[in-house]
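Engineer: Work out the full structure, taking the sequences as your base and the hints as a guide.
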Amino acid sequence: MTNRSLRRGLALGASAIALLLTSVASPALAVDTVTQTITGGGLTASIGDLNFPDAAYQNGEHAVAGTMVLTAADDTGTSSGWKVTVMTSNFVWAGSAVGGQDIPAQAFALTSAGAAVMISGQAVGVAAATGPQVPPTSPVGTLDTPRQVLYATAAYGAGTYSQALNVTLTIPALSRVGTYTGTLTTTITAAP
Amino acid sequence: MVAVLGVALLVLASPASAEVDGVELGLVPVGQPGPFFDISMRPGETRTLEVEIANHGSNRITARTYATDVYTIINGGFGGRLRGEAATGTTLWLDYESERFDLAVGDRSLRSFTVTVPRDAGPGEYITSLILENEDQVAHDGAVAALQVVRQALGVVVTVPGQRSPAMEVGQAQHKVVAGRSVLSVAVSNPGNVRLKPIVELTLRDADGDTVSQASVRMDTFYAITDSTVEVPLDALLRAGTYAIEVAFEDVAQSISSTAIRNLAVVATPTPAPAAGVVPGLTGVNQDDIEALPWPAIALLAGAALVALFLVRHSRSRSRRRSIG
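As you go down the protein sequences, you meet chains A and B in turn.
Per the numbering used here, residue 1 is the first one in the first sequence, and the count goes up by one each step.
Per the numbering used here, residue 193 is the first one in the second sequence, and the count goes up by one each step.
These aren't lab readings, by the way, just hints derived from the structure by calculation.
Note that the structure is a prediction, hence the values are computed from the model and not measured.
Quick list of simulated restraints, FRET-style, between CB atoms:
1) Pro53(A) to Asp294(B): 36 to 42 Å
2) Ser450(B) to Ala115(A): 30 to 36 Å
3) Ala115(A) to Thr461(B): 29 to 35 Å
4) Ala97(A) to Arg356(B): 56 to 62 Å
5) Asp32(A) to Ala445(B): 45 to 51 Å
6) Ala123(A) to Ser381(B): 35 to 41 Å
7) Ser304(B) to Gly100(A): 46 to 52 Å
8) Gly100(A) to Ala494(B): 53 to 59 Å
9) Ala445(B) to Val126(A): 21 to 27 Å
Reference listing, derived: stretches of chain A covered by chain B, where coverage requires no fewer than 3 residues with Cβ under 8 Å from a Cβ of chain B:
10) 104–114
11) 179–189
Dumping the calculated SDA-like pairs for lysine to any residue here, alpha-carbon to alpha-carbon at most 25 Å:
12) Lys368(B) to Asn59(A)
13) Lys368(B) to Gln101(A)
14) Lys368(B) to Asp102(A)
15) Lys389(B) to Thr153(A)
16) Lys368(B) to Asn166(A)
17) Lys368(B) to Pro136(A)
18) Lys389(B) to Thr145(A)
19) Lys389(B) to Ala115(A)
For each residue, glycine too, the CB sits at the ideal point set by N, CA and C.
Structural biologist: Structure, rendered in structure tokens:
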């Protein structure tokens, strides 16, 4: 057998194998699969739209009422449920008056917590133990310690929700003129 | 002269809200079937775990992650110690250093850490947590100012196999006034080695034994070896006096229940009036007694009745005299 005929034989053989492979592969190509991966986002909760009026100096203790809005979002895509707590630090005084003092954190209290309102995502479950909802025992109380204001059980709370919170700050008697700044800590939790 | 106190905390205008909204961090366990770490380990065992940290927001952010102790908040539920607070107990089982880092938009990174159960650890459920938060408090200056920390907490539950010993104890009762309303609180502790979710029934009785108020509190998770408080805000201010609180708790899943009675002294305190309007979720108070009656109105009605009686008798007597005449 000459080299030429040997090359021709090899080429024919290769063509036959290629044809065979093509015929075997064709059915697989006919059932192409499309895979789309969905990656999850995070859990977020923060306070916004905080409104408190300025307070005039008074000799006696007095309370000032305000409002704030909590926004909680579950973009994890897992619907595993979550819990949100809110707390505050002392209100640190800054000013030029003589004898200014901080206002203790326990002077800041939650006076009511509204129902969750859906902004986007899964509807608010109206049945018990679904949510997102206010805990069954009112979270009303001082915010020197964390208060759970909203939670969603597993399979609920996939979306973004807002909640109106009413608060009051009891200003001690003879509180000096100045600015009192507190730090709000909002925590959204994935835990038992 | 009226001076103005800039009560700072509390006006976050839209610009500040937008900044806070930009804090969208992600902290998720890797290779876990649930939303938090829930693992079983034996004393002396070490295991390596992994967590994913991400910035899902639309701004570059400096974040901080750290491990912190878990405690039970009022009426049950997760409480995580703040940044800088001392780590104790189960948190010391983790090798997870506090770390500050910059995250670009969309950044995701994995961080591994180890958990080592001490050789002398007894059986039971142990919990600690990982936190991810904005490093710099979100601030908004001006006539009003606000600072905010936005945290995400991830539980790390380690169960050491062995005997389970659920338990719950009741401590002292207290009364306090918040925003012009009474709040009842009862100290409770979980000295056992498993977490609970008890239902606590509170019955408040006055010195005559009459029921003044009743409440049922479904506590959220009450972690093992922690203390907490059962707290019930009332819709009115309790009168000064001596009361007794009956505290009955039950956790059906853990097969424990008990009842205790605690004394409560309420002292009259000058306090601002409660905020106007109905507040949902408060517990009713039944204090209708003789002191609460509207005495001025009653005196006015009694006077009117006496005058009417006099007029009727006077009229009858005149009629009788006329008929005799």
